[in-house]
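Peer 1: Here the protein sequences come in this chain order: A and B. Residues 316 to 1120 (our numbering) make up the first sequence, in order. Residues 316 to 1120 (our numbering) make up the second sequence, in order.
Errors might be hidden in some of the hints.
Since the list can't tell identical chains apart, any single copy or any two copies may satisfy a pair.
Stated by the list, open to error - Under the rule of at most 27 angstroms between Cα atoms (straight-line distance), these lysine-lysine pairs were calculated in the DSS-like manner:
1) K738 x K477
2) K1019 x K638
3) K1005 x K1076
4) K854 x K1047
5) K401 x K1047
6) K1005 x K634
For the record, the hints were derived by calculation from the structure and aren't laboratory data.
There are 2 protein chains.
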Amino acid sequence: MQWWKQPAIHSSESPVERSSYLTEPDTNDGGSYDIVNDVSSPATGDYHSQQRSARHNWEMNYQEAAIYLQEGENNDKFFTHPKNAKALAAYLFVHNHLFYLMELITALLLLLLSLCEAPAVPILRLGIYIHATLELFALVVVVFELSMKMRWMGFYTYIRHKRTMVKTCVLLVQFVEAIVVLVRQTSHVRITRALRCIFLVDCRYCGAVRRNLRQIFQSLPPFIDILLLLLFFMVIFAILGFYLFSSNHSDPYFNTLENSLVNLFVLLTTSNFPDVMMPSYSRNPWSCVFFIVYLSIELYFIMNLLLAVVFDTFSDIEKRKFKSLLLHKRTAIQHAYRLLVSKQRPSGISFKQFEGLMRFYKPRMCARERYLTFKALNQNNTALVSLKDFYNFYEVVGLKWKAKRNREHWFDDLPRTAFLIFKGINILVKSRAFQYAMYTVVAVNGIWILIQTFMLQDGNFFPRDVPWSYIVFLTIYGVELLLKTTGLGPIEYLSSGWNLFDFSVTLFAFLGLLALAFNMEPFYFIVVLRPLQLLRLFKLKKRYRNVLDTMFELFPRMASLGLTLLIFYYSFAIVGMEFFSGVVYPNCCNTSTVADAYRWVNHTVGNKTVVEEGYYYLNNFDNILNSFVTLFELTVVNDWYIIMEGVTSQTSHWSRLYFMIFYIVTMVVMTIIVAFILEAFVFRMNYTRKNQGSEEDNGIVLEKEISKEEMASVIELYRRNYAASETAPLQKVIAQMDKYEQTSMLFLGRRSRTKSDLSMKMYEEEIQEWYEEHSRKEEYPWQDVFPSGSHMLSSGLRQRSQTVI
Amino acid sequence: MQWWKQPAIHSSESPVERSSYLTEPDTNDGGSYDIVNDVSSPATGDYHSQQRSARHNWEMNYQEAAIYLQEGENNDKFFTHPKNAKALAAYLFVHNHLFYLMELITALLLLLLSLCEAPAVPILRLGIYIHATLELFALVVVVFELSMKMRWMGFYTYIRHKRTMVKTCVLLVQFVEAIVVLVRQTSHVRITRALRCIFLVDCRYCGAVRRNLRQIFQSLPPFIDILLLLLFFMVIFAILGFYLFSSNHSDPYFNTLENSLVNLFVLLTTSNFPDVMMPSYSRNPWSCVFFIVYLSIELYFIMNLLLAVVFDTFSDIEKRKFKSLLLHKRTAIQHAYRLLVSKQRPSGISFKQFEGLMRFYKPRMCARERYLTFKALNQNNTALVSLKDFYNFYEVVGLKWKAKRNREHWFDDLPRTAFLIFKGINILVKSRAFQYAMYTVVAVNGIWILIQTFMLQDGNFFPRDVPWSYIVFLTIYGVELLLKTTGLGPIEYLSSGWNLFDFSVTLFAFLGLLALAFNMEPFYFIVVLRPLQLLRLFKLKKRYRNVLDTMFELFPRMASLGLTLLIFYYSFAIVGMEFFSGVVYPNCCNTSTVADAYRWVNHTVGNKTVVEEGYYYLNNFDNILNSFVTLFELTVVNDWYIIMEGVTSQTSHWSRLYFMIFYIVTMVVMTIIVAFILEAFVFRMNYTRKNQGSEEDNGIVLEKEISKEEMASVIELYRRNYAASETAPLQKVIAQMDKYEQTSMLFLGRRSRTKSDLSMKMYEEEIQEWYEEHSRKEEYPWQDVFPSGSHMLSSGLRQRSQTVI
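All chains should be built: construct the whole structure from the sequences, respecting the hints.
Peer 2: Structure, rendered in structure tokens:
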């Protein structure tokens, strides 16, 4: 018996477990099974009201199950799970892209305000009234957001949630300060603005940043230990250096213990080397031993040890994080499963229930995809999805389903002559000869550009008439593009990342040609991007493909790490602006050892005016954009001591603390970035090594076949329960089957491979152990999570629940 | 039956396999078993001559087995195994610490010659006659060494051995050049001197350096791939930068494509940042985007990728190397085993045979230790060591055996009162309170020194009278040292590395005190070492102990990596001296952009003489010591472009190639050093994590008990076969047993844990697979190694073999 022939309607069933948002008290708890089973039983009186209530029950369960699954996906802890109907309403309000967007925009507004506040970017300067009012407005929005969150979580959970509490405190401080600014009509020293980043960090969309921050904080303890070792050696060497070199009066670096310490700190970043050594070296050549030993110990040994320790901690944390996420998802699935199973069929979830769930979980998924997802979950092709099958929910739900095409090429339906032409082009563009010919063209083009640029005399970069070589190469690329698009079909052509890259580079080159031809000077920079074509050559070698693929895989994580760094930058920029804005200017630091770097002299030698520019006065904290550039220069650490000494000479020597702390913070973040790249790369390499024999790695693909009868029964189900419009995509499938005279149709589900998939394969054996351990620990995990399960059922506000849902 | 009661004499046995150095043809190959078994058989005629010949056979076998084991230990390939008696003599001559030392000294002499040659260190300058003669002498010694090696290996093997061939070629070139120098009486451009390092690399004692070089070369291919990626992006950005910034005439960095490339290369090392950005940044603030993007891609992404790729390759190579070493040792043991097994007892090696082997393998091991090693190998306490047991040879042979002391403390034998006093001291120094009190003293001392140094006005560092704090703290340390030595006994006290450290630091402090008290100024630097005491505080935390232990474990490898780096330095120093010696001097580079750094002006401002020193002229290649310092500065990479530009402005712009190649080479070596530290550290961490439950890691310890009867039978064996003097240590053991009235005695074998032991435990499971694979591949590995086994037996020079051994 094929399972889909069973009547798919069981709205008279009732769930095993009831949603915590249900308001009607479950009076006949013990006997409910029998009563519902026998729907016409007189005990319940009105059959229709019974059925309506059951349907309402189910809707509630679907929604709560969807929420559990969402929590599992987002790694939201279950103790923030909405506990009653009121909380549910708030939850739905808060978990919503519009709300997320509002959060993000408010946070960005608050951050961007520092462009216009006191030491503002000149062209963006705003009056105090205006920016303070804007700030107040944004803060009020944040208050609104927080109050909605409190409504969702309830007061006690809200208090327990650390991040939200910190946010509330910051909010309060900001509020008070914004009002003070408005009242006094002048900006005071507002270092607390540095805390504004917390609004951004708390955004739903910045989950990756939060994860990074957590990982940074988790890596801190071992990091600090090694840092202390580093500082300790620094102190010992500072004392040594002071004793050894302070008798040399031409040595400004070791004349006091403080100088000695500061200069050894700078030496750790090597940015004053060899200058710091020179005065003593010129006196006694053997003094270089001191510096060589110091650098060998500190820079080449302990700094690498630091990286090793962080890398080690990092890989460990990555694994533990993967484990906890995996188990969290599993628990979420268990919760959802309990809510979806009906009393009549406690062994699994039927398609009806699954459909109801997906209506809440992914409202925009079409009926065909829902059904395919259900089939993909349902591994042994029965009517019900068991818990074991349901555990694959997250892996399956992300698949994008497409009918497997019967046609090999896009031109298969064309008339014979056209077909042959296109087939010829297809064979041509897929041939090795064509590919290598193109590589040769690219290489020649590259060498051409190089020689051309080398031969250029300065001045006449952009000739009035377009050079013929430009046109020739562009024509070749254009023809290639045309051939590939026609030979492969536009969809297949653009589905490869490399082709997309070719396409955009060629497009840019064409735009550059237009810019040259029509003399549009501001667009000349496009011409300059031509050498990027050369990147195509890297397809040739397997290692490069690997590296570039890894690069693309790493990109989202790298971007989030970059954002994390930017958040630190922001805080430091605000502090820097408050303390150091306007302190450096041309010829400012004549008393310091780095005066030369700030000198700006306009003097006459003979009859020529010579401008001596030290330029370093440009590395200032005069507005937030300048601060960011200055902080980037500090991150690169070369010559950062010039900036530090310049500022120090204009303020107090405590300013050095700011620069040193910044160095240590960026060192932490940078070390973690390095550790992350190392970890990701080594992980991928090990993965490749482990799966050497298996197929090329091109994402997860699943194949499912659907027969006509099956489709019809699904349509029947939809027709009975929902609006006719929803069956449209299903009808289309049937129409297609009719057209090609098939009795069944193949669908392919596809998604790209994520890190989690790789980890699943890498830790295959351990995962089983984790599962066993997990299930031993909590035989009934839902009881652990809600120790007061029975209480919740009655905790809802009865009179309002009806209107909310 | 206890096995040692068997008569230990079986000199009438004959080995299963005969040494390849044996000269008498084995005429009765098929029936030899029976004949030898029945020693009195009339077929052989003279019984005594038979026995003498058998003993001679055995001696030969022992020696060849010992050579196999040595080859296994040193990872010498078996194709260099001496094949006949003449080769054996050469082998024994060459494998000998005196010969090794000669090799080393010759190599060092050749290397050190560059201190005295042409651009010599002033005080070491020698006449051309003298140093050329010295060189010729050293080269002649090398010729002698090589001829001995050729004698050992035979001509064909010699030709096949790549390293030796390269060495021979270099030797030839050096010889010709040395003679040319002597004839012309002037040094020509001798860049080939850079190849002198090969003599050092080829030394037996520099095995670790050879391994490093091999590992560097093996890591090169992936390294070069990523390097090309790096250079490729550099070229693209150079073209971009040239187009964008060359219109700015105040920007000297991008005015030609060559400058653009060079400056981006330097920017990769960040050493001209932010200066390289400043001219364009001052014109248009948005130009910083170019530099930020470049640095993000090149420095923060691809450079880290480089590290990741090297790290990955490195860990892979480490594992493969461990595997091949392990299997090589195993094969060596199999070879040796075959030579030691007798025809009468083919299932194992008896002590007599083992003793014979050890006489060649470790001549200085005493009889007691030999016997204990045999017992340790012999795991199931039978008379014979089977092949399976014999596989542990290398693990066991390194153990140092000591009788397990019956006394807990050194003072147990003292009279009651003294015992109580010492016992009290012992308890005191082992108490936590005492330890923490000492930590407090050290900490207070550290803070004291810091404050004292901070309060110092310059000038009066070393007061005429010794400060009281110095005396107080030194007294405390002295008392601690005294208490510990008396409480623990000097041997136990000094067996801990930490105590040794305490001891030496306290000794230094005492010497410093003497220096102060007797006003010996040249020794004042000892006073300065006092803060090293603070290192003791790091015992407090487990992580530091771990880190410092790892540091000590890594030290030999680090030293060999450092030596490898020095060898590269040497080559570059020679090349640098040949091309750039004397090109930079004060005020030399006025035409370059870095003129300031070389300026040395002595001018008068008002009525004060101001010396403006650029100092960079000190970073030159004027002699080999200066070159080394300059190269170290180039390694640190900060401001290296100043050195490069200075030299370039005085020579040609091709000089930049030298500096860039040096940068890339040091980058390779440094990346490998980082990868090595990472690998070693992560490996150790994983090991610790894997063995979390097990005991503290304090080396390998084995316990063996020897009874009196057993000892007596061993003595009997020695008395019959060897001189009476050899039984002395055994007799002493018996005497000791008698003294304490024991019937048996416990011995402890101890050695420190090596990386190989850790690897053995880490790869436990895989090792079994390797073994199986190995034994499948070569059922009889000795047949593979010597395909012409039968030939060798007759290849010896018969008439000489007798005299050689």
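Peer 1: A separate judgement is required for each hint: does it hold in the structure or not?
Peer 2: Quick rundown of the hints versus the structure:
no.	hint	in the structure
1	K738 x K477	neither (63 angstroms within a copy, 55 angstroms between copies)
2	K1019 x K638	neither (30 angstroms within a copy, 46 angstroms between copies)
3	K1005 x K1076	both (9 angstroms within a copy, 21 angstroms between copies)
4	K854 x K1047	neither (41 angstroms within a copy, 75 angstroms between copies)
5	K401 x K1047	neither (41 angstroms within a copy, 91 angstroms between copies)
6	K1005 x K634	both (18 angstroms within a copy, 15 angstroms between copies)
Hint violations for this structure: numbers 1, 2, 4 and 5, all remaining hints satisfied.
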